[in-house]
Amino acid sequence: MRVNVTINGESRQADDVWEGESLLYVLRERLGLPGSKNACEQGECGSCTVYLDDVPVCSCLVAAGQVEGREVRTVEGLAEGDKLDRVQQSFVDAGAVQCGFCTPGLVVAAHDLLNRVENPADEEIREALAGNLCRCTGYEKILDAVRLAATRGETA
Amino acid sequence: MDFLRPSSLTEALAVKAERPDAVPIAGGTDVMVELNFDHRRPGALLDLNRVTELAEWTETDGKIRLGASVPYVRVIAELGEVLPALAMASRTVGSPQIRNRGTVGGNLGAASPAGDTHPVLLVLGAEVEAASVRGTRLIPAEEFYLGVKRNALEPDELITAVHLPAEVGPQQFAKVGTRNAMVIAVCSFALALHLDTREIRAAVGSAAPTPRRATAAEEYLGTELPWSTKASLTDSVKRRFGELVAEAASPIDDVRGSADYRKHALSVLARRTLTWAWNDFQKGERECA
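So the sequence lines, in the order shown, correspond to chains A and B.
Each residue of the first sequence is one higher than the last, beginning at -15 in our numbering.
Each residue of the second sequence is one higher than the last, beginning at 195 in our numbering.
These aren't lab readings, by the way, just hints derived from the structure by calculation.
Heads up, the beta-carbon is just placed ideally off N, CA and C, and yes, glycines get one too.
Treat the hints loosely; a few may be bogus.
[To be verified] Computed far set for chain B versus chain A, every beta-carbon distance over 12 Å:
hint	residue
1	V342
2	A360
3	T423
[Claimed, not checked] Examples of chain A residues lying across from chain B (beta carbon under 8 Å, computed):
hint	residue
4	M(-15)
5	G4
6	G30
Modelling step: build the complete structure from the supplied sequences, incorporating the hints.
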């Protein structure tokens, strides 16, 4: 089947999509957007987190056909050209990136949190990131990154 | 595989009648896992995202009609005052990403013994609204769960809503898991004090082939609770209640916990939640999730 979807503000079309295919597969393998990572395919790790109509979801758990006519925003859609979003920049500055595999999902989850809560408490940060696994940082730098981003004003 | 996209409930029911092999998908948090891992190859997916009728809840005469595809995040944000135990259970589901998509209707459709909302639906006396081109019927939650991942739906039926009484009284839900997030219940427990009938209801989850009520424990408490004096509960009453709850379960040993551990944990959850619910009753305050 064909899927029409707006991704990062741009109208995109994917052809020959299998009916049981995930949004994640379409993003990575058909539309050349490898930012969202494929790890667990069961919603455990959060590495594939994207916005679907402004709501963070695991793209591995959304059927491609369900996004027909809707809006998706991936980690690729957060930066403006070469200028990183404040959350992305804070991850770099805080040293919150090690192997980098979990980073795109964490960035989207943190981006959403800071959209909703200007100055989140540590508990709120932990809760918001509870669906994202990282196997190398130990999370402390990630918490630092979110705190740093919170001090840097509004998210795009 | 076909991807079917009805745009209204009427259309969805017509499609389901024609294609009973079509698997309904709303949030997708269960169905997509099965597809991703090649555990399931249905003839068709029936996408319910456009059926807006299923994504609403209404309150009429003290009863909530919760549309089958209202996501957990909305149950938590919008129904915590009137359905506190359901909000508590919803809060323990997965992660924010999962709660943004997953639904009570999906929990019912999957009918996993570990589904987080099931014990709550049992203690509130919920009814599952099932619709088909033949009509609509209400199935009491107790008659809905037939076995591991089996429910009382006919092949042409869709779950359209759940009917729940609002604000029956103090109620609690508690769950044991190995992490604070993204965890399937090792066991879970729900309790509701129905103030109008002075009836207590208790149910266990993830500790038998289906979620089930602990009727002997309910009957015991029914005779022991000092409703009129609101006196504090004795330790022996709490302990006996916990024992009877544990006896209601028939858990298995598996990688997440032994049967013995599950029984022990259930007796602890039962004592704790009873204490919390009774404290709420004593204070006479409106409990909140």
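**Asked** Tell me, which hint numbers fail for this structure?
**Response** none
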